[in-house]
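**Q** Below, each chain spelled out in residue letters.
There are 2 protein chains.
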Amino acid sequence: MAKDGVGFNEVLKALQRISNFIHKTPVITSSEANLRTGRKLFFKCENQQKTGSFKTRGALNAVLKVKETSSSCPGFVTHSSGNHGQALAWASRVAGLPCYVVVPSMAPEVKKSAIRGYGAQLVECGHLPQDRYDTCEQLQREKKLEFIPPYDHFDVIAGQGTISVEFLEQVPDLDAILIPISGGGLSSGIAIAAKAIKPNIKIFLVTPKGKKMEECLRTGKRPWDGPPQYLNTIADGIRLQQTGYITTPILTELAEKEVFEMEEQEIIDGMKFAFERMKVVIEAAAGASVAAALSDKLRAMDPLMVNIGVILCGGNVDIEHLPW
Amino acid sequence: MAKDGVGFNEVLKALQRISNFIHKTPVITSSEANLRTGRKLFFKCENQQKTGSFKTRGALNAVLKVKETSSSCPGFVTHSSGNHGQALAWASRVAGLPCYVVVPSMAPEVKKSAIRGYGAQLVECGHLPQDRYDTCEQLQREKKLEFIPPYDHFDVIAGQGTISVEFLEQVPDLDAILIPISGGGLSSGIAIAAKAIKPNIKIFLVTPKGKKMEECLRTGKRPWDGPPQYLNTIADGIRLQQTGYITTPILTELAEKEVFEMEEQEIIDGMKFAFERMKVVIEAAAGASVAAALSDKLRAMDPLMVNIGVILCGGNVDIEHLPW
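Residue numbers (our numbering), protein chains in the order written: chain A, 1 to 324; chain B, 1001 to 1324.
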């Protein structure tokens, strides 16, 4: 189970490091969802985590570990206009160290101001992926900053894995967990820790249409070699086509081969179900996992798989422009 | 502390009766809210209660108590197109007994279908308050139904009081609780149980503008004698001007005299804060209590009152037409 650089021990150490600073997020249930699916669903509310997504777990673990081991770190840098950027900004503030977040100048003002709100310094760049990497690398070199990437990083993965420890303490009888996947940090961390606690638990990945994750899991080959691209989906938290160099082999080993590929309308309906029936605000990426939980595909699976965990990965959605 | 017909013992019995059927709702916190107020706020998520509001607690307690004491009850009736109607429909289904809910024929289809969805029979009537009472009474007489009113009923009040037992177990150090008030069933129940557990806890009521609740608490006289009327407010869960015959004396004795009277815009801003920062879907009545928690009025109060409970009373809001 232990991977080079990240195993269950690292997850337990991560939990010790971060648990005083993060929320132990609630698990909620919905009898309507149970009725529709004929199973028992348990929704882990990482949408209610600090900064509105699970990303704080991994970012804070990485930041605090650097601080433990190096007394002279001048700060952190990453490139992300989304949840990881906010999380790293917040985590750096917790650690009392500066943070720089590289975002394309054309990113929405609301995202920029959220990152600034957590005390980070915004550095604007051009709109190509390569511009971000270049700007980030330059900052890293010039200011000797520690670069914390959004998913392909052992300490980030270990931090995300802390979800499993909490979740299986809250619901020990989970038979399976449904996890939305973008780069794979969340699902790798959850898989490593959950399988260590409960070896026969099943880990299912949820994606928008077109990611070809199932092919990747069956062949062990990262999907979409070549330049990183985005899927055309409303679920911006999981629009990345490629999984990581570290995360892909972990998932190939630990995740089920069947992937839940959700249509756009199903993702929106999943979001709406969470708002209307469960009274939680979730972003579209989390809507995808609700949709997977309510899908015919799950209904057709082994009926002995009764208790299903569903990760509501984030709640950062523009409530002025909901997709219905 | 014990009132004729409803004291702490009745609340404890209610909890025994209903706890297997309802959610023990989560308590969530928000560091942004704490930062803004300089206090520690704890939000009790009754919006995530069965049927989307606290009303299930009181309705189920009343229904189960009837079932315990009478083996021949042919069913229940109430008049409410709102949360109490849904709650009684749901509670009757739990008890395996028929339920009739009287609603004005012009009530929104979405509310009617929610009540039908819980298995109750809808009985339509005219649009005047008197029409509702007449239709309800007629049904009650003809079918020998048990009438369960929305708030002015000992067992309903005892059921709502179960919130305090849970809440003070989850957060034993609460110094005060902010509660939106309509007829006063929720606040009476919470006040009776909370003061029994922790005599020096302060109970604050939250209303829309124009209810004149403070005058009522200072004089002990029900506000707005005369025919029942509605306030002109977005917070439809708390638009009733009058508190009850049973609830008014309880609140006059147990609630603080200072009432939080919130403006419409503050109520909307409170709702929005809950959606955006706390990632929960709440209705406007709950938005009023969030607004009270964030208000200058609370900020100006005794700084030794540190831990403040806030009741998010319900989450039944039309997410297709949010007020922003």
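Everything labelled a hint here was simulated from the structure, so no lab data went into it. Be aware that one or more of the hints could be misleading.
[To be verified] Calculated lysine to aspartate or glutamate pairs in the EDC-like style (CA-CA distance at most 20 Å, straight line): (1) Lys1212/B - Glu1169/B; (2) Lys1272/B - Glu266/A; (3) Lys112/A - Glu266/A; (4) Lys212/A - Glu276/A; (5) Lys112/A - Glu1032/B; (6) Lys1111/B - Glu276/A; (7) Lys24/A - Glu1320/B; (8) Lys24/A - Glu1166/B; (9) Lys1272/B - Glu1214/B; (10) Lys13/A - Glu109/A; (11) Lys272/A - Glu1166/B; (12) Lys1040/B - Asp1173/B; (13) Lys1272/B - Glu320/A; (14) Lys24/A - Glu1032/B.
**Q** Next, verify each hint and record whether it holds.
**A** Status of each hint after checking the structure:
Restraint check for lysine 1212/B and glutamate 1169/B: not satisfied, since their Cα atoms lie roughly 33 Å apart, outside the 20 Å limit. Pair hint lysine 1272/B plus glutamate 266/A does not hold up; C-alpha atoms about 26 Å apart against a cutoff of 20 Å. Of the pairs offered as hints, the one joining lysine 112/A and glutamate 266/A is violated, with about 29 Å between alpha carbons and a cut-off of 20 Å exceeded. A hinted pair counts as satisfied when its Cα atoms are at most 20 Å apart, and lysine 212/A with glutamate 276/A does not qualify at roughly 31 Å.
For the hint pairing lysine 112/A with glutamate 1032/B, the CA-to-CA distance comes to about 18 Å; that is within 20 Å, so the pair holds. As the CA atoms of lysine 1111/B and glutamate 276/A are separated by approximately 13 Å, the hinted pair is consistent with the 20 Å bound. Under the criterion of a C-alpha separation no larger than 20 Å, the hint pairing lysine 24/A with glutamate 1320/B is inconsistent with the structure, at around 31 Å. A threshold of 20 Å between alpha carbons decides the hint, and for lysine 24/A with glutamate 1166/B the separation of about 18 Å falls inside it, so the pair holds.
Straight-line distance between C-alpha atoms of lysine 1272/B and glutamate 1214/B comes to about 27 Å, which puts the hinted pair past the 20 Å bound. The hinted pair formed by lysine 13/A and glutamate 109/A fails the criterion: a straight-line CA distance of about 36 Å is larger than 20 Å. Between lysine 272/A and glutamate 1166/B the CA atoms are separated by roughly 29 Å; this puts the pair beyond 20 Å, and the hint is violated. A C-alpha spacing of about 10 Å is found between lysine 1040/B and aspartate 1173/B, which places the hinted pair at or below 20 Å, so the restraint holds.
Using a Cα cut-off of 20 Å, the hinted pair lysine 1272/B and glutamate 320/A holds, with the two alpha carbons roughly 10 Å apart. At most 20 Å may separate the alpha-carbon atoms for a hinted pair to count; lysine 24/A and glutamate 1032/B meet this at roughly 17 Å.
Hints 1, 2, 3, 4, 7, 9, 10 and 11 from the earlier list are contradicted by this structure; the remaining hints agree with it.
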